[in-house]
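Chains A and B, in that order, are what the protein sequence lines are.
Just so we're aligned: the first sequence equals residues 314 to 428 in my numbering.
Just so we're aligned: the second sequence equals residues 11 to 124 in my numbering.
Don't read these hints as lab results, they were simulated from the structure.
Heads up, some of the hints might be wrong.
[Said to hold, decoys possible] No farther apart than 30 Å at their CA atoms in a straight line, the calculated lysine-lysine pairs in the DSS-like style are these:
no., chain 1, residue 1, chain 2, residue 2
1, A, Lys362, B, Lys61
2, A, Lys371, B, Lys54
3, B, Lys61, A, Lys374
4, B, Lys54, A, Lys382
5, A, Lys362, B, Lys25
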Amino acid sequence: AQSVSQHNHHVILSEAASLELGCNYSYGGTVNLFWYVQYPGQHLQLLLKYFSGDPLVKGIKGFEAEFIKSKFSFNLRKPSVQWSDTAEYFCAVNAMGSNTGKLIFGQGTTLQVKP
Amino acid sequence: EAGVTQFPSHSVIEKGQTVTLRCDPISGHDNLYWYRRVMGKEIKFLLHFVKESKQDESGMPNNRFLAERTGGTYSTLKVQPAELEDSGVYFCASSQGGADTEAFFGQGTRLTVV
Numbered sequence: 314a315q316s317v318s319q320h321n322h323h324v325i326l327s328e329a330a331s332l333e334l335g336c337n338y339s340y341g342g343t344v345n346l347f348w349y350v351q352y353p354g355q356h357l358q359l360l361l362k363y364f365s366g367d368p369l370v371k372g373i374k375g376f377e378a379e380f381i382k383s384k385f386s387f388n389l390r391k392p393s394v395q396w397s398d399t400a401e402y403f404c405a406v407n408a409m410g411s412n413t414g415k416l417i418f419g420q421g422t423t424l425q426v427k428p
Numbered sequence: 011e012a013g014v015t016q017f018p019s020h021s022v023i024e025k026g027q028t029v030t031l032r033c034d035p036i037s038g039h040d041n042l043y044w045y046r047r048v049m050g051k052e053i054k055f056l057l058h059f060v061k062e063s064k065q066d067e068s069g070m071p072n073n074r075f076l077a078e079r080t081g082g083t084y085s086t087l088k089v090q091p092a093e094l095e096d097s098g099v100y101f102c103a104s105s106q107g108g109a110d111t112e113a114f115f116g117q118g119t120r121l122t123v124v
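Model the full structure from these sequences, guided by the hints.
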């Protein structure tokens, strides 16, 4: 069965620190990869996605992620976090080209950035 | 353009009662998904509509859950009768296409069964 694992459940950083959130997936075929973010009181929104091409993808708000196929990983990074990055982050995958876009999510990582 | 909207935002009901959640997708989005997050766990897929048809309902927990999408517009998810373990946040998402398109999420409905 497909699964997604996020290594950190709760991360606390000071402003300007660098961020890396781990994500590994388990799936035998080709996948599309996503990072979603949920800010307090808001809906889930897409940070970035990888479908094909350059494995280093850039998203909104200075976030980027690197797809490493050999490691089944799609880690999220940001060089310098801000207080406004405090949120919950979700890694997700779906089966590329399938007739259903259902997403398989990781457990989520809560990021708290101290001012 | 309006996003995905869900009603109500919160619902507290007693065990054994019935609750109906509603989702209005983005206009023109044929694909509509329901997900659920039980506290402390991951967001889990419930089912997928393409227009008014159920494409995949493999994630529905049991027959106490009934989803409909009459006319291919808004969708409802009814829980009858509700049990304590049904508590959680129910998310709806919509997209124009299948796997290779972005899904847009609503704010979710927080359901508490007491």
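Within a Cα-Cα threshold of 30 Å, do B:Lys54 and A:Lys382 meet the stated pairing?
Answer holds: B:Lys54 to A:Lys382 is near 24 Å, not above 30 Å.
Could you grab the alpha-carbon distance between B:Lys61 and A:Lys374 and see if it respects the 30 Å cut-off?
Not satisfied, since the Cα-Cα distance of roughly 34 Å exceeds 30 Å.
Next pair to validate is A:Lys371 with B:Lys54; report whether the Cα-Cα distance is within 30 Å.
Between A:Lys371 and B:Lys54 the Cα gap is close to 26 Å, so the pair holds against 30 Å.
Would the pair A:Lys362 and B:Lys25 pass a check requiring their Cα atoms to be no farther apart than 30 Å?
violated, 40 Å
Is the Cα-Cα distance between A:Lys362 and B:Lys61 30 Å or less?
With a Cα-Cα distance of about 25 Å, the restraint between A:Lys362 and B:Lys61 holds, given a limit of 30 Å.
The structure fails hints 3 and 5 (numbered hints given earlier, in ascending order).
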